[in-house]
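*Asks:* As given, the protein sequences belong to chains S and P, one line each in that order.
Number 4 in the numbering used here belongs to position 4 of the first sequence; there are no gaps in the numbering.
Number 139 in the numbering used here belongs to position 139 of the second sequence; there are no gaps in the numbering.
Hints were generated in silico from the structure; no laboratory data involved.
Hints may contain errors.
[Said to hold, decoys possible] List of simulated lysine-lysine pairs, BS3-like, C-alpha gap at most 25 Å:
| no. | chain 1 | residue 1 | chain 2 | residue 2 |
| --- | --- | --- | --- | --- |
| 1 | P | K448 | S | K41 |
| 2 | P | K493 | S | K76 |
| 3 | P | K451 | S | K39 |
| 4 | P | K525 | P | K451 |
| 5 | P | K321 | P | K474 |
| 6 | P | K321 | S | K69 |
| 7 | P | K451 | S | K41 |
| 8 | P | K448 | S | K76 |
Predicted model, so just to flag it, every value in this text is computed and none were measured.
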Amino acid sequence: MTDPKQQDAWLVRPSSIRILWRFFWMILTLTVLAQLVIKIKGSFGFDSWIGFGAVFGFISCLLMVLFAKALGMFLKRDQEYYLKDLKDD
Amino acid sequence: MTEMLPPALILIAAAILIGPFKGHFRTLVLLAAPLLTLWTIWQVPDGVVTTMPFLNYTIEPVEGSALRRLFATVFAVMALVGGLYAFRVAKWYELAAGYAYAAGAIGVCFAGDLITLFLFWELMALFSTVVVWCGGTAAARAAGMRYAIMHLFGGIILKVGIEGVGVHTGSFDIQPMLATSFDTWMILIGILINAAAPPVSAWLSDAYPEASPTGSVFLSAFTTKTAVLALILLFPGEGILVWIGIFMIIYGIIFALLENDIRRILAFSVVNQVGFMVCAVGIGTEMALNGAAAHAFAHIIYKGLLFMCAGAVIYRTGFSKCTDLGGLFRTMPLTAICGIIGALSISGFPLTSGFTTKTMISQAVADEGMITVYLLLAAASAGVFLHAGIKFPWFVFFQKDSGLRPKDAPWNMAVAMIIFSALCLFIGIFPETFYQLLPYENNYVPYKAGKVLFYVQLLLFSGLAFFLLLPLMKRTLTISLDTDWLWRVMFRKIGETTFNTVAYVGSRLETKAQATAGNLAALAKRHLSSSNSPESFGVFSRTWAIGTTALWVVVLLTVYALVYFT
Numbered sequence: 001m002t003d004p005k006q007q008d009a010w011l012v013r014p015s016s017i018r019i020l021w022r023f024f025w026m027i028l029t030l031t032v033l034a035q036l037v038i039k040i041k042g043s044f045g046f047d048s049w050i051g052f053g054a055v056f057g058f059i060s061c062l063l064m065v066l067f068a069k070a071l072g073m074f075l076k077r078d079q080e081y082y083l084k085d086l087k088d089d
Numbered sequence: 001m002t003e004m005l006p007p008a009l010i011l012i013a014a015a016i017l018i019g020p021f022k023g024h025f026r027t028l029v030l031l032a033a034p035l036l037t038l039w040t041i042w043q044v045p046d047g048v049v050t051t052m053p054f055l056n057y058t059i060e061p062v063e064g065s066a067l068r069r070l071f072a073t074v075f076a077v078m079a080l081v082g083g084l085y086a087f088r089v090a091k092w093y094e095l096a097a098g099y100a101y102a103a104g105a106i107g108v109c110f111a112g113d114l115i116t117l118f119l120f121w122e123l124m125a126l127f128s129t130v131v132v133w134c135g136g137t138a139a140a141r142a143a144g145m146r147y148a149i150m151h152l153f154g155g156i157i158l159k160v161g162i163e164g165v166g167v168h169t170g171s172f173d174i175q176p177m178l179a180t181s182f183d184t185w186m187i188l189i190g191i192l193i194n195a196a197a198p199p200v201s202a203w204l205s206d207a208y209p210e211a212s213p214t215g216s217v218f219l220s221a222f223t224t225k226t227a228v229l230a231l232i233l234l235f236p237g238e239g240i241l242v243w244i245g246i247f248m249i250i251y252g253i254i255f256a257l258l259e260n261d262i263r264r265i266l267a268f269s270v271v272n273q274v275g276f277m278v279c280a281v282g283i284g285t286e287m288a289l290n291g292a293a294a295h296a297f298a299h300i301i302y303k304g305l306l307f308m309c310a311g312a313v314i315y316r317t318g319f320s321k322c323t324d325l326g327g328l329f330r331t332m333p334l335t336a337i338c339g340i341i342g343a344l345s346i347s348g349f350p351l352t353s354g355f356t357t358k359t360m361i362s363q364a365v366a367d368e369g370m371i372t373v374y375l376l377l378a379a380a381s382a383g384v385f386l387h388a389g390i391k392f393p394w395f396v397f398f399q400k401d402s403g404l405r406p407k408d409a410p411w412n413m414a415v416a417m418i419i420f421s422a423l424c425l426f427i428g429i430f431p432e433t434f435y436q437l438l439p440y441e442n443n444y445v446p447y448k449a450g451k452v453l454f455y456v457q458l459l460l461f462s463g464l465a466f467f468l469l470l471p472l473m474k475r476t477l478t479i480s481l482d483t484d485w486l487w488r489v490m491f492r493k494i495g496e497t498t499f500n501t502v503a504y505v506g507s508r509l510e511t512k513a514q515a516t517a518g519n520l521a522a523l524a525k526r527h528l529s530s531s532n533s534p535e536s537f538g539v540f541s542r543t544w545a546i547g548t549t550a551l552w553v554v555v556l557l558t559v560y561a562l563v564y565f566t
């Protein structure tokens with residue numbers, strides 16, 4: 001992975017990526033645990049449950065990615081799809 | 001009250017002067033005109049300022065209000081910073097078209113009646129088309145043509161509505177209405193076409209990415225946001241807008257997730273963000289309309305910023321696809337940082353402009369007790385982080401090492417990006433100052449510990465979802481079919497088939513006709529023609545004895561006399 005002449009940027013070294021992931025997990029845990037101290041005053045009751053924002057955010061993204069993926073099976077075309085017409089003209 | 005000329009005229013004058021002026025004079029015009037416009041905008045008092053006769057009507061080219069000044073301000077700021085971003089690389093005619101386009105948008109802001117609104121609306125359509133064409137490629141010319149057709153079509157629908165309202169109510173005043181009649185529906189549809197609402201959202205992602213790197217910065221700002229202003233002025237509280245907005249929000253996210261071209265990702269995300277504003281206009285409460293206006297203001301700045309970053313990358317590398325890019329943070333750190341600030345703003349991260357404006361819309365929805373809409377907006381906020389907030393900077397500046405080592409943005413582009421980044425942060429950190437510009441009295445407090453924590457959770461776990469699902473989001477060399485397939489392929493096929501059928505039927509008829517004509521000619525020849533031998537003369541060209549003719553005349557006269565006298 002290392003360049004013979006000079007090492008690549010700190011940000012992309014596997015060792016730093018491991019550190020960043022650990023740091024990220026820690027922050028994620030903290031944001032949920034913070035609810036023990038800071039009360040989220042929800043508008044509808046259930047949105048003040050512990051970790052609601054976390055679970056809701058994660059699941060919405062999961063569903064959107066899967067939906068996009070499924071839709072992509074029908075809608076994706078080669079990038080030259082419309083360009084062919086242009087060349088014909 | 002002293003009458004004043006429309007502030008838009010300053011930018012129109014600048015657009016005319018950009019061509020003949022060269023060098024520093026042109027730069028001076030480019031920078032001074034928007035500043036002068038800004039100053040003029042803030043001289044416009046509330047109420048109708050100017051009236052003038054036009055055909056048989058009295059029109060109101062200048063009417064002021066806090067809302068109108070707010071939109072005009074951000075359009076002028078956009079022209080100024082966009083001009084600064086573009087002036088060293090863009091062709092003079094692209095700059096002139098961009099300024100005339102901005103003038104159209106500012107003209108719409110102060111239009112006191114529907115006729116003035118329509119005139120400036122069409123000015124925008126014309127010059128934005130020129131900006132698309134300035135992309136200079138065959139694809140840009142074709143996309144510009146489709147763009148022009150769509151907007152002229154939208155303009156016709158709008159005009160039908162405006163004339164209907166004028167004829168049936170006797171007034172062309174801009175005042176709140178609901179879509180209850182044919183006329184008002186036509187106006188609503190005409191505006192929604194410009195807002196890139198379904199089913200024609202595709203015009204936006206078709207045209208904007210084909211413009212030049214500098215042109216798409218201008219394009220991102222004006223058309224859709226003047227449509228939002230028009231909706232706030234004409235259709236506040238129109239319920240159908242809530243669901244149109246929700247559709248746009250989800251459409252934008254899904255299509256951006258599938259997309260590979262970085263500017264097309266941003267174009268889909270324009271539709272997504274305008275969806276938030278359209279939804280808020282549909283709610284129609286004072287807080288919702290404040291939210292729509294504030295979000296439009298913030299959006300123009302961070303979306304302009306994101307298009308600037310994308311433009312700088314394309315200008316330096318010549319590539320616009322995620323699959324070609326990656327790892328640019330090494331040599332374009334400033335562009336990367338500005339891009340990240342723009343991306344965080346569009347995602348509504350605390351301390352950025354998106355947070356202080358978008359959460360106002362969510363709060364307005366929650367206040368109305370609309371639980372489904374509220375949850376959809378929250379899911380969409382997570383989705384925005386996914387499709388634009390992380391996806392854009394990740395694939396451009398990190399991801400893999402593409403091996404590209406371009407220079408960072410030129411100084412003028414860098415200054416423009418820094419100004420917009422600073423504005424994103426300013427509106428995020430000092431929202432109260434910005435809230436003073438809003439049309440209605442505002443008592444919304446964005447920074448409450450619980451609210452901030454909720455959004456931080458929502459967004460960071462969306463981030464987690466992004467990185468865990470990365471294998472599913474591997475970019476492919478594809479495009480996604482959209483409703484524009486209908487007019488780019490299906491209508492074209494129908495047209496070609498119809499043409500071919502008509503041509504075939506026509507050619508068959510022609511053959512038949514030729515055959516018939518041939519037969520007739522032969523017949524005529526048989527009866528009429530003369531030739532050398534008297535026996536083969538046609539029946540009408542033979543020589544007949546005079547006696548026979550006299551006999552026939554006698555017979556005819558006898559018959560005539562009998563008929564006449566009996």
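*Asks:* Take the hints in turn and mark each one as holding or not.
*Replies:* Hints, verified against the model:
1. K448(P) with K41(S): 9 Å, holds
2. K493(P) with K76(S): 20 Å, holds
3. K451(P) with K39(S): 9 Å, holds
4. K525(P) with K451(P): 98 Å, violated
5. K321(P) with K474(P): Measuring from Cα to Cα gives roughly 13 Å; hence the hint holds.
6. K321(P) with K69(S): 19 Å, holds
7. K451(P) with K41(S): 7 Å, holds
8. K448(P) with K76(S): At roughly 43 Å apart (the allowed maximum being 25 Å), K76(S) and K448(P) break the hint.
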